[in-house]
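A.B. asks: One letter stands for each residue in the lines below.
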Amino acid sequence: MKKINIAFIGNPNTGKTTLINTLSNSKFKIGNWPGVTVAKKEAFVEYKENIFHLVDLPGLYNLSKISDDEKITTEYIEEHEPDLYVNIIDSTNLRTNLLLTIQLLKEGVPVLLVFNFWNDLNGLGKQIDLGKLEKVLGVECISLEANQTEYREKLLEKINCSLKNKKRSTKVSSSLPARAIVDIIVDKVEKKVPTDKVSVTDKIDQVVLNDYVSVPIFFIVFFLLFKITFDGSAPLIDWIDQFINGFVAKLIVTIFTSFSVPKVIGSLVIDGFLVGVGTVLSFVPLMMFLYFFISFLEESGYIARVAFIMDKFMRPLGLQGKAFIPLLIGLGCNVPAIYSTRTLEKKNDRKVTAAVTSFVSCGAKLPIYILFSYIFFPKQAVFVTLSLYLLGMLVAISWAWILNRFIYKDASAQFVIELPTYRWPSMIVMIKSAFAQVKGFVKRAGTVITVVVVMIWALSNLPYGVSPRDSILGVTSRSVSPIFIPLGWGNSWQATASVIPGFLAKEAVVGSLATAYETNLTESTNEALTDGFIPNVLKQCVLLYEAVIDSIKAVFGGLVPGVFITDYSEDKKLSQLIKQDMTPLMAYSYMVFNLLLISCVAVISAIRQEFGQKFLWFVILMTVSTAYVFSFIVYQGGLILGFI
Amino acid sequence: MKLIETIPENFEVQIQKITGDNFLKEKLESLGLYKGIKIKIIKNNKVDPLLVKVDNRRVSISKGLGLKIFVELL
Numbered sequence: 017m018k019k020i021n022i023a024f025i026g027n028p029n030t031g032k033t034t035l036i037n038t039l040s041n042s043k044f045k046i047g048n049w050p051g052v053t054v055a056k057k058e059a060f061v062e063y064k065e066n067i068f069h070l071v072d073l074p075g076l077y078n079l080s081k082i083s084d085d086e087k088i089t090t091e092y093i094e095e096h097e098p099d100l101y102v103n104i105i106d107s108t109n110l111r112t113n114l115l116l117t118i119q120l121l122k123e124g125v126p127v128l129l130v131f132n133f134w135n136d137l138n139g140l141g142k143q144i145d146l147g148k149l150e151k152v153l154g155v156e157c158i159s160l161e162a163n164q165t166e167y168r169e170k171l172l173e174k175i176n177c178s179l180k181n182k183k184r185s186t187k188v189s190s191s192l193p194a195r196a197i198v199d200i201i202v203d204k205v206e207k208k209v210p211t212d213k214v215s216v217t218d219k220i221d222q223v224v225l226n227d228y229v230s231v232p233i234f235f236i237v238f239f240l241l242f243k244i245t246f247d248g249s250a251p252l253i254d255w256i257d258q259f260i261n262g263f264v265a266k267l268i269v270t271i272f273t274s275f276s277v278p279k280v281i282g283s284l285v286i287d288g289f290l291v292g293v294g295t296v297l298s299f300v301p302l303m304m305f306l307y308f309f310i311s312f313l314e315e316s317g318y319i320a321r322v323a324f325i326m327d328k329f330m331r332p333l334g335l336q337g338k339a340f341i342p343l344l345i346g347l348g349c350n351v352p353a354i355y356s357t358r359t360l361e362k363k364n365d366r367k368v369t370a371a372v373t374s375f376v377s378c379g380a381k382l383p384i385y386i387l388f389s390y391i392f393f394p395k396q397a398v399f400v401t402l403s404l405y406l407l408g409m410l411v412a413i414s415w416a417w418i419l420n421r422f423i424y425k426d427a428s429a430q431f432v433i434e435l436p437t438y439r440w441p442s443m444i445v446m447i448k449s450a451f452a453q454v455k456g457f458v459k460r461a462g463t464v465i466t467v468v469v470v471m472i473w474a475l476s477n478l479p480y481g482v483s484p485r486d487s488i489l490g491v492t493s494r495s496v497s498p499i500f501i502p503l504g505w506g507n508s509w510q511a512t513a514s515v516i517p518g519f520l521a522k523e524a525v526v527g528s529l530a531t532a533y534e535t536n537l538t539e540s541t542n543e544a545l546t547d548g549f550i551p552n553v554l555k556q557c558v559l560l561y562e563a564v565i566d567s568i569k570a571v572f573g574g575l576v577p578g579v580f581i582t583d584y585s586e587d588k589k590l591s592q593l594i595k596q597d598m599t600p601l602m603a604y605s606y607m608v609f610n611l612l613l614i615s616c617v618a619v620i621s622a623i624r625q626e627f628g629q630k631f632l633w634f635v636i637l638m639t640v641s642t643a644y645v646f647s648f649i650v651y652q653g654g655l656i657l658g659f660i
Numbered sequence: 204m205k206l207i208e209t210i211p212e213n214f215e216v217q218i219q220k221i222t223g224d225n226f227l228k229e230k231l232e233s234l235g236l237y238k239g240i241k242i243k244i245i246k247n248n249k250v251d252p253l254l255v256k257v258d259n260r261r262v263s264i265s266k267g268l269g270l271k272i273f274v275e276l277l
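Protein chains in written order, with our numbering: chain A, 17 to 660; chain B, 204 to 277.
Source of the hints: derived by calculation from the structure; they are not laboratory data. Please note that the accuracy of each hint is not assured.
Below, a list of computed lysine to aspartate or glutamate pairs in the DMTMM-like style, where the Cα atoms sit at most 20 Å apart [to be verified]:
no., chain 1, residue 1, chain 2, residue 2
1, A, 18, A, 173
2, B, 271, A, 361
3, B, 256, B, 232
4, A, 219, B, 229
5, B, 246, A, 227
6, A, 122, B, 232
7, B, 256, A, 97
8, A, 213, B, 229
9, B, 243, A, 212
10, A, 64, A, 95
11, B, 238, B, 275
12, A, 328, B, 224
13, B, 246, A, 99
14, A, 19, A, 97
15, B, 266, A, 227
16, B, 220, B, 232
17, A, 87, B, 229
18, A, 142, A, 173
19, A, 363, B, 224
20, B, 256, A, 212
21, B, 266, B, 251
22, B, 256, A, 218
Which chain B residues stay away from chain A? Per the calculated CB distances, all over 12 Å, these [said to hold, decoys possible]:
no., residue
23, 206
24, 216
25, 226
26, 273
27, 275
28, 277
Cβ coordinates follow ideal geometry from the N, Cα and C atoms, glycine included.
Kindly produce the complete structure, drawing on both the sequences and the hints.
C.D. replies: Here is the structure:
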């Protein structure tokens, strides 16, 4: 088989990533806001006797080197010679899209033009004569809808055809500037019948960007996002939790007992691995819901509107509305948020935004809040969690103001951004995107977190035979924990022990905490499986079915959050152990500390890669001190106000 | 010539001149906003950025930047 390199190029929001997804079944991140693809990504497709190596280049409007994300594409063109460029064009915007095409053709590279959103032309009263365009430009064209798989074969065949013809345009070599050529061509091939029809996007924008309701709508959208995420996932979290503790743990005990496996191994597997990794995995439904809805917002086109809506609040702080987009992306994961700052024009704008993104609570921190707020504030759990998100945003915005005012003074508050056409997101694409992100979460649970919890287990059981309090972990944590006593939770050495692995990945916090608390080498309380294997499997299926029904009911149920409360509020062993050590105020202080601490090693390396070592140290220092100070204020202030 | 920020909503204008640094000028140009092009003002109020439509593309321009674009009413 022969490897063929094919580069996908086009304006932002034209559906490059969607098209590659349709072609290859790969799971790139897709979104309907400018700058989703900020680094080049690849996928492979087998077709006939060839392997197509598809390269997804970041979207760009023309071939000049303006912002950092555009540089990736222009450098690629200079340094590589792919067998074919697939130039994707938004059919509804021929004039603005064709500029890049003409520049590309002037480079003398082989190009296939793909016209996406073809079916939308009718609604706008527009017609494009593709046959004429093929003749004028001297390259092949194809029209399609990138999100529909029925076009897959047709496009692959067309690509194959273009590869054989190796057509390079010889017709666009005139000395006229590219923009003038565009105007001549568009006048020739595009017909427009004026229509009085107001497009759907304009209608939606009249409401969504309305002077009075745009901000309330923004808050309602995000309230619903969290409400559905929490309530919808709670029954499923409970199911996984009881599946691991009530079925998998018992199954392992049964197997180990029948094979007389030594007790140490049993403890390692159940109290170390299963408790730690199981606690992390039980939050998979939560991640799934969160990433699903964030991808809904990205794909529909709403995220770009947020730049418009929030600009009036961001400008007095010296930041531009566009800087709000990375902050929202950060709600899912801080890593893509750091990279998405590349869409900002000025380096200092980027630095300020990237620095404060760490205060935006990412999905991996959510399990900490859910665990603690359901233990300590079962009735107000959702509001407690939302208060943390709000605090994170407020701290981020305050720091942005400080950095702008005193350090990065020349950050500009000016921007220009495209507000893409609203598109109804494809269910498959959203599920794919959520799966891709959750896969990363599960992968970390299987690698980093497994190593961390096994280490925590080992350190809390060595030297052999001592109580966990006197183990290596217990002694070390207790020697460090005085630093955290002013924050309230320093008395719990387990809490201290869980903060350090949190630097690796925030998912590790609940895992380490669970392992540190529940580890109990001398007396394993786990029971063996009763009633046989098959009846238990059937019982689990029934419970899963009930959990799914409950989840659906919760999603479409009442508007008040917290209809369902996870089992963490009740008689779980971990809940009781944590309750013995902490008060609600300490728990809140602990959550605030984790909220404001930099997310994980991946964020650390992203910041270093984008802005260098010096800036990284600055961000680490800033987040650690902010986390400490705020946690201190929460605890000491709470004490003064009479909370416990 | 008038400043784009003074044009009320729903009016169509033709861009006459864009001043300011090349960086933002080029950015505007790449989104389809350059001398000679006809655009429609979709939103223009006191607090929010400007929203204009060029071809079928909606482009949002921050307040300060709007002070650098000169237009003629059509």
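A.B. asks: Now look at each hint and say whether the structure bears it out.
C.D. replies: Going down the list of hints, with the structure as the test:
1. A/18 to A/173: Answer holds: residue 18 of chain A to residue 173 of chain A is near 16 Å, not above 20 Å.
2. B/271 to A/361: holds (17 Å)
3. B/256 to B/232: Holds, at about 14 Å.
4. A/219 to B/229: Violated. Residue 219 of chain A to residue 229 of chain B sits at ~30 Å, over the 20 Å cutoff.
5. B/246 to A/227: holds (10 Å)
6. A/122 to B/232: holds (19 Å)
7. B/256 to A/97: violated (36 Å)
8. A/213 to B/229: violated (32 Å)
9. B/243 to A/212: Distance of about 14 Å is within 20 Å: holds.
10. A/64 to A/95: violated (28 Å)
11. B/238 to B/275: Holds - the C-alpha atoms of residue 275 of chain B and residue 238 of chain B are around 11 Å apart, at most 20 Å.
12. A/328 to B/224: Violated, because 23 Å separates the two Cα atoms, which is more than 20 Å.
13. B/246 to A/99: Answer violated: residue 246 of chain B to residue 99 of chain A is near 44 Å, above 20 Å.
14. A/19 to A/97: holds (13 Å)
15. B/266 to A/227: holds (15 Å)
16. B/220 to B/232: Cα-Cα ~12 Å, so holds.
17. A/87 to B/229: holds (14 Å)
18. A/142 to A/173: Measuring from Cα to Cα gives roughly 27 Å; hence the hint is violated.
19. A/363 to B/224: holds (16 Å)
20. B/256 to A/212: holds (15 Å)
21. B/266 to B/251: Status holds; Cα separation ~7 Å.
22. B/256 to A/218: Between residue 256 of chain B and residue 218 of chain A the Cα gap is close to 10 Å, so the pair holds against 20 Å.
23. 206: holds (15 Å)
24. 216: holds (17 Å)
25. 226: Not fine: 7 Å to the nearest Cβ puts residue 226 of chain B too close to chain A.
26. 273: Holds, since 16 Å exceeds 12 Å.
27. 275: holds (18 Å)
28. 277: holds (14 Å)
Of the hints listed earlier, those the structure fails to meet are numbers 4, 7, 8, 10, 12, 13, 18 and 25, in rising order.
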